[in-house]
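Those protein sequences? They're chains Y and X, same order as listed.
In case it helps, the working numbering puts the first sequence at residues 1 to 112.
In case it helps, the working numbering puts the second sequence at residues 1001 to 1114.
No lab work stands behind these hints, which were simulated from the structure alone.
Honestly, I wouldn't trust all of these hints.
[Stated by the list, open to error] Okay, derived cross-link-like pairs now, SDA-like style, lysine to any residue, Cα gap no bigger than 20 Å in a straight line:
| id | chain 1 | residue 1 | chain 2 | residue 2 |
| --- | --- | --- | --- | --- |
| 1 | X | K1101 | Y | P75 |
| 2 | X | K1101 | Y | S67 |
| 3 | X | K1101 | Y | G42 |
| 4 | X | K1101 | Y | V54 |
| 5 | X | K1022 | Y | P39 |
| 6 | Y | K57 | X | Q1002 |
| 7 | X | K1101 | Y | G63 |
| 8 | X | K1101 | Y | N98 |
| 9 | X | K1101 | Y | T13 |
| 10 | X | K1101 | Y | N73 |
[As the list claims (entries may be wrong)] The following label-pair restraints were derived from C-beta to C-beta distances:
| id | chain 1 | residue 1 | chain 2 | residue 2 | range |
| --- | --- | --- | --- | --- | --- |
| 11 | X | N1017 | Y | N7 | 37 to 45 Å |
| 12 | Y | P39 | X | L1082 | 22 to 30 Å |
| 13 | X | N1017 | Y | K17 | 33 to 41 Å |
| 14 | X | N1041 | Y | E1 | 14 to 22 Å |
| 15 | Y | M27 | X | R1042 | 37 to 45 Å |
| 16 | X | G1016 | Y | K18 | 48 to 56 Å |
| 17 | X | K1077 | Y | K17 | 40 to 48 Å |
| 18 | X | R1109 | Y | Y10 | 16 to 24 Å |
| 19 | X | S1026 | Y | T15 | 33 to 41 Å |
| 20 | X | Y1039 | Y | M27 | 19 to 27 Å |
Every residue, glycine too, gets a C-beta built ideally from N, C-alpha and C.
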Amino acid sequence: EAQVTQNPRYLITVTGKKLTVTCSQNMNHEYMSWYRQDPGLGLRQIYYSMNVEVTDKGDVPEGYKVSRKEKRNFPLILESPSPNQTSLYFCASRGQPNQPQHFGDGTRLSIL
Amino acid sequence: AQSVAQPEDQVNVAEGNPLTVKCTYSVSGNPYLFWYVQYPNRGLQFLLKYITGDNLVKGSYGFEAEFNKSQTSFHLKKPSALVSDSALYFCAVRDRSNTDKLIFGTGTRLQVFP
């Protein structure tokens, strides 16, 4: 089954403790992205990647890092999380430019 | 600045009635246009897209959308609403350059009452 898998689904942690949210897709897609969803703001793009070792900033990249060492994986790294990064995070992937993105089921992060 | 507007936070409709969820955009060129639906505790699911051609696009679950270039709108429609259509709906646009920048609207919650 074609899917985007994120882990963990839920995480409660404390300010400053580094964390990584993993994302993996099994569709051999070149493009992958990370979004955060906040009430009243919709989804905002954090980072995206157009291929292995090619990443670029989205609209809200501050406080986040990403890496794309393999085509299927695109982890999101919060080096020093802060409470304003409490949010619902989605990973997505797609193939050709005119194709829609496939989304994971989301990761709910709470930073205390 | 590029943007997508969904002017209604919530749309209420009775089951069996037609529904419309509005979307307008401000993006240069001829962007790709998408509608997604989000059910509780789930990711976004693709409904339909406009790439080129016919201005009326048909998608999943009986939904369709009408593209209007002069009004830069892409409204989502369904002739007869179901209670199970109740969910959060997002409009999104992506320009045709070779990037993955996707701009979302703020979402519209659709409530269909029995």
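Pairwise hint evaluation, T13(Y) against K1101(X), where the allowed Cα distance is 20 Å at most = 30 Å, violated
request  = Take the C-alpha atoms of K1101(X) and P75(Y), compute the straight-line distance between them, and say whether it is at most 20 Å.
outcome  = Holds - the C-alpha atoms of P75(Y) and K1101(X) are around 18 Å apart, at most 20 Å.
ask   = Is the hinted pair K1022(X) and P39(Y) satisfied, with a Cα-Cα distance of at most 20 Å?
value = 19 Å, holds
request  = May I ask you to test the hint 37 to 45 Å on the CB atoms belonging to M27(Y) and R1042(X)?
outcome  = 18 Å, violated
inquiry  = Quick check: does the Cβ-Cβ distance between G1016(X) and K18(Y) fall within 48 to 56 Å?
reply    = Taking Cβ atoms as reference, G1016(X) and K18(Y) lie about 52 Å apart, which means the hint holds.
request  = Return holds or violated for the Cβ distance of P39(Y) and L1082(X) against the range 22 to 30 Å.
outcome  = Between P39(Y) and L1082(X), where Cβ atoms are some 26 Å apart, the hint holds.
ask   = Regarding the pair K1101(X) and N98(Y), is the alpha-carbon distance no greater than 20 Å?
value = 12 Å, holds
query = Holds or violated: are the alpha carbons of K1101(X) and G42(Y) at most 20 Å from each other?
reply = The hint holds at about 15 Å.
request  = Check the following: the C-beta atoms of K1077(X) and K17(Y) are separated by a distance inside 40 to 48 Å.
outcome  = 47 Å, holds
query = Taking 20 Å as the top limit, are the C-alpha atoms of K1101(X) and G63(Y) close enough?
reply = At roughly 19 Å apart (the allowed maximum being 20 Å), G63(Y) and K1101(X) satisfy the hint.
request  = Would you mind confirming whether the straight-line C-alpha gap from K1101(X) to S67(Y) stays at or under 20 Å?
outcome  = 17 Å, holds
request  = Confirm or reject the claim that S1026(X) and T15(Y) have a C-beta distance inside 33 to 41 Å.
outcome  = 37 Å, holds
The structure does not agree with the numbered hints 9, 13 and 15 stated previously, though it agrees with the rest.
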